[in-house]
Amino acid sequence: MIFIATEFFYYYGFKDVTLTLLRIDPSQYGPIDVTKMEQYFIDTLHSELNVVRDVFNPTVTSETLSQKSKLIKAASGKMAPVYFYNKEGDTLLFSFESKAQAQLLAGITSSTIKKAIETGSLYLNYFLITTTPIENATTESQLTMDRASAFLKVRNDNMKESSYNSSIQKPILCTPIGILEPNQTFLPNFRNKACEKLSKLEGIHIPSKTVFIRLQDGKPYLKKWILSYINISPLATVEDSAFLAITHKR
Amino acid sequence: MLKVQDLFDNRKLINEFNKGYYGIYIWTYNPTGVCLVGQSTRKTVSGKYSFYTRVSLYFNDNFLSNQLRPIKIYDFYSY
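From first to last, the protein sequence lines stand for chains Z and Y.
Going by the numbering used here, the first residue of the first sequence is number 1, and it counts up by one from there.
Going by the numbering used here, the first residue of the second sequence is number 1001, and it counts up by one from there.
Think of the hints as simulated: they come from the structure by calculation, not from any bench.
Don't be surprised by glycine CBs; every beta carbon is placed ideally from N, CA and C.
Mixed in with the good hints, there may be bad ones.
Simulated coverage check for chain Y against chain Z, where a stretch passes if three residues somewhere in it have a Cβ under 8 Å from a Cβ of chain Z [to be verified]:
(1) 1011-1021
(2) 1030-1036
Computed list of lysine to any residue pairs in SDA-like fashion (alpha-carbon distance at most 20 Å, straight line) [as the list claims (entries may be wrong)]:
(3) Y:Lys1019 to Z:Arg23
(4) Y:Lys1043 to Z:Gly30
(5) Y:Lys1012 to Z:Arg23
Quick list of the computed label-pair ranges, beta carbon to beta carbon [what the hints assert, rightly or not]:
(6) Y:Leu1002 to Z:Asp90: 47 to 57 Å
(7) Z:Asp90 to Y:Lys1012: 51 to 61 Å
(8) Y:Lys1012 to Z:Tyr40: 23 to 33 Å
(9) Y:Asp1009 to Z:Asn86: 49 to 59 Å
(10) Y:Gly1033 to Z:Asn57: 22 to 32 Å
(11) Y:Asn1015 to Z:Lys87: 57 to 67 Å
(12) Z:Asp33 to Y:Leu1002: 11 to 21 Å
Assemble the whole structure, with the sequences as input and the hints as a guide.
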C-alpha cells in the first residue's frame, strides 16, 4: 500500500495534496474501532489508492499492485479526453476526462482505446472512439456514468456470447507441444468433439468454455496442447486444411 | 479533525495534533479527488500513541529513496 502511495506522490508531487487527520481517544475506543472506521472511509470515499479494500481480510495480489501502478502512471500523463460516439459518429454518448479514468470507471484499457483510435475500428462493434470531439455531433443525449457503464457491460457480454456461439462450429487443430507427430495432431470438426477427444486422451473432463478461452488467448492447454482454429476456404475439405496446417507447422 | 495543505511546513502542527491519539489519515489529491485512507494505533518508542511516525513516512527522504531507489529524491518534492 505504501509503495503505491509513494509512487503516486512521485508522479504528482505533494503540491496539490491535502492531508486530513482524525484523532481518536485510546481511552474510549480500541484498535478494532479504528480499523472499522478506516473501512468506513475506504468504502465511502472509494479510495482508489488503497490496495487492500477489505481491512479485515487483507489480501494483495501482484496483479492488483501492477494494475494500480499502471493506472497511476497512465493518470500522470497528459489528460487527453476520450469521447465515445455512436456508430455513425453523430451522437456523443459519453466521455471520460482521460484514458486512465476510462479504465477506472468503465474498465476499458488504454491499449484498447489506443487500438480503436489507430485502426478506426468500432469498439464492441458499436462505439466510435476519438480523442478530438466531432463538431457536428449532438451532445444532448449523453448518458450518465452509471448508465454508460451498464450499457458497456451489456454490449461486452453480448459480444462475448456471440463470439462464443459463432466459434462453436469452427474446426480446431490440437497439436501436442514439443513433438509433432501427425498421428497425435488431430482435427475435430467442432469444439464439443475437441473436448470429447481431449477428455479421452487426458482422462479428465474438459469443459467447452475452457477450450474456448485457450483458443482465444493461444496459451498452451494443460502445458501439453496448442489449440488453434483453422480457416477453411469453401472449396477445401477439412482433411485438406488439416494437412496444410500440419505441413506448415513442420 | 485537522486538514493540512502545506504538509512539509506544517510537520510540527501534525505532530502536536497526533500526540497521544489513535488516528485515521486521508491523503487526497485535490484536482481529481483520488485518495488514500490509512490508520495507526501504534505506540512510539516512548510509549505514547502517535501516528505522526506513520504519516511522516510519506514525506521522509530515506523512506522514499528506499522505496524508489533509482529515482532522484528531489523529483518527489514539487512543493
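Open item on the list: So if I understand the rule, the pair passes when the alpha-carbon distance is 20 Å or less; does lysine 1043 of chain Y with glycine 30 of chain Z pass?
Closed with: 13 Å, holds
Task: Distance restraint hint 11 to 21 Å, applied to the beta-carbon atoms of aspartate 33 of chain Z and leucine 1002 of chain Y - done: 19 Å, holds
Task: Whether chain Z covers the stretch 1030-1036 of chain Y (at least 3 residues having a Cβ closer than 8 Å to its Cβ atoms) - done: With 6 residues in contact (Cβ-Cβ under 8 Å with chain Z), the coverage given for the stretch 1030-1036 of chain Y holds.
Task: Hint check for lysine 1012 of chain Y and aspartate 90 of chain Z - Cβ pair distance inside 51 to 61 Å - done: Given a distance of about 59 Å, which is inside 51 to 61 Å, the answer is holds.
Task: Verdict on chain Z covering the stretch 1011-1021 of chain Y, criterion of 3 CB contacts below 8 Å - done: With 5 residues closer than 8 Å to chain Z, the stretch 1011-1021 of chain Y meets the three-residue bar; holds.
Task: Restraint status (C-alpha distance of lysine 1019 of chain Y to arginine 23 of chain Z at most 20 Å) - done: The hint holds at about 9 Å.
Task: Range hint compliance [Cβ, lysine 1012 of chain Y to tyrosine 40 of chain Z, 23 to 33 Å] - done: For lysine 1012 of chain Y and tyrosine 40 of chain Z the Cβ distance comes to about 29 Å; the hint holds.
- [ ] Mind checking the hinted window 49 to 59 Å against the Cβ distance between aspartate 1009 of chain Y and asparagine 86 of chain Z?
- [x] 51 Å, holds
Open item on the list: What's the verdict on lysine 1012 of chain Y and arginine 23 of chain Z, does the C-alpha distance respect the 20 Å limit or exceed it?
Closed with: 16 Å, holds
TODO: Could you check the hint for me, namely that glycine 1033 of chain Y and asparagine 57 of chain Z are 22 to 32 Å apart, CB to CB?
DONE: About 26 Å separates the Cβ atoms of glycine 1033 of chain Y and asparagine 57 of chain Z, which means 22 to 32 Å holds.
Open item on the list: Can you tell me whether the CB distance of leucine 1002 of chain Y to aspartate 90 of chain Z sits inside 47 to 57 Å?
Closed with: 52 Å, holds
TODO: Starting from the hint 57 to 67 Å, judge whether the C-beta atoms of asparagine 1015 of chain Y and lysine 87 of chain Z obey it.
DONE: About 59 Å separates the Cβ atoms of asparagine 1015 of chain Y and lysine 87 of chain Z, which means 57 to 67 Å holds.
The earlier numbered hints are all upheld by this structure, with none contradicted.
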